[in-house]
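The lines below spell out each chain.
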Amino acid sequence: MAEHVIEQGGAWDGAKEPFKASYGKLMMWYFLLSDAFTFAGFLIAYGALRFSSATWPVPDFVFSTAPFGIHDAPLIFVTIMSFLLIISSVTMVRAVQEGHRENKRGVVFWMLLTVLGGAGFLGCQAWEWTNLIGTEHMTVTRNPFGTHTEDGVYLAHDGKPGEEAFEAGESYLLHKADLDPSLSDAQVMEGFASHGEDDHAGHSVVNAYDKDYGFMYVDEEGFIKRKFVVQEGDSAGAVKMEAFGPKAFGGLFFFITGFHGFHVLSGVVFLLIILINAASGLYVKRKNGYEMVEKIGLYWHFVDLVWVFVFLVFYLL
Amino acid sequence: MAGHKTYEESIRDVYKGLVLLAVVTLIEVGISLLGKGHLGVDVSDYSWILAIIAIGLIVLSLYKAYFIIYEFMHMRYEVKGLAMSVLLPTLLLVWAVIAFFQEGDSWKKRREDVKKRETVDPNAPASNQESFRIPEDTYLLKLG
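Those protein sequence lines, which keep their order, are chains W and P.
Just remember that this note's numbering sits 1424 ahead of the position in the first sequence, which is counted from 1.
Just remember that this note's numbering sits 99 ahead of the position in the second sequence, which is counted from 1.
Derived by calculation from the structure, the hints in this document are not laboratory data.
It is possible that some hints are incorrect.
Computed footprint of chain W on chain P; a stretch qualifies when at least three of its residues, placed anywhere within it, have a C-beta under 8 Å from a C-beta of chain W [to be verified]:
no.	stretch
1	111–124
2	138–150
Listed below are the simulated DSBU-like cross-link pairs for lysine-lysine, each with C-alpha atoms no more than 35 Å apart in a straight line [as the list claims (entries may be wrong)]:
no.	chain 1	residue 1	chain 2	residue 2
3	P	Lys179	W	Lys1671
4	W	Lys1600	P	Lys179
5	W	Lys1444	P	Lys179
6	W	Lys1600	P	Lys215
Predicted, not measured: the structure shown is a model, and the values here were computed from it.
Idealized CB from N, CA, C, for every residue including glycine.
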């Protein structure tokens, strides 16, 4: 019966592949197109909000830590993450090639390497998130990465302008205070006696003592808000206080890299399923050049493709 | 399908692709760090250099995207109709990028305006009040 239909072969009789691609492959392409629009929507929202903010966290400052206590290594860790995805994309191409040759062992070997690359990427992302949330206290609604808009000098422990100067455009990270519980309230208040009059200009902050910074102003969430004297411009001489950076940054970062990471995670799961199927000899029987491997390959390259743009907007620009 | 290439040729091409993507990524990271002043040169005062860096980063990323789609995803070997039906719809995003980035820039101007208004002392004499520019597309309701 099937042969009969192919012989008759009208366009509407079925069994004829449009674009000379199988149904599964074609639909994978259209799924990826729709997914590209979802990601584009996210990234364009990021761009619009970034354009609407007077300052934006500088990526080489935000992403400058790596595991094993490495600091001040701007973008190095995310570059390694990018390489992991690129390499796993290449091993995926190799798996597809071995599939065309009906080489089962080759398919299984290269898919296994691809899974390892994807898992490595997820591990790196887990570390990056843990560092941002646990050490740097960034959340979906809180962004402790700020940028100075004026030149200034930080107030020293005695409340007078100190040695530490900064320029407009420089970044800072608000730290959580490491409070010393042995100090009584009276002692803390006494420590502030030399700071002169307190004018917080509407900020709700309390006085506290931090082990590293000494007597500092800490907000109700425990973040140290360092005070500084503006050196130049219209408000020269005014004493101001560090503030949180643009709030949208945290939400955008976690949702966009999280959505991408979720794609990587589901990709790894599907790769594993197809890897097991391939190893069990299921696709040998189908005799279609391991087309299933080709389809998951398309998806996996797309994950790499999206990372190219996530990498561009979050880390490079 | 790997087209008309031999097996050895197509394997060599894959590793060439790996080297190409790796080198492009390293160049991207390099010029990004250059723009941020990490390579010993401070270019932050030259806005045209920063503009070239930003455009260069976008162009290199688009090239990587092209390479991944055409080589790794084998779009080069698909029927033209398939390639166009997948790629052409993404051109709609060009409009979205222009429209929404412009909108974002406009939000920024409004925010600055609001901030300025908030600092005005209502008790100051009228002659000292700075007059505010009302955006051209604001319609004022005339009463009476």
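Do the hints match the structure? See the list:
1. 111–124: Per the Cβ count (7), the hint holds.
2. 138–150: With 1 residues closer than 8 Å to chain W, the stretch 138–150 of chain P misses the three-residue bar; violated.
3. Lys179/P / Lys1671/W: Between lysine 179/P and lysine 1671/W the Cα gap is close to 45 Å, so the pair fails against 35 Å, i.e. violated.
4. Lys1600/W / Lys179/P: Measuring from Cα to Cα gives roughly 57 Å; hence the hint is violated.
5. Lys1444/W / Lys179/P: 10 Å, holds
6. Lys1600/W / Lys215/P: Holds - the C-alpha atoms of lysine 215/P and lysine 1600/W are around 31 Å apart, at most 35 Å.
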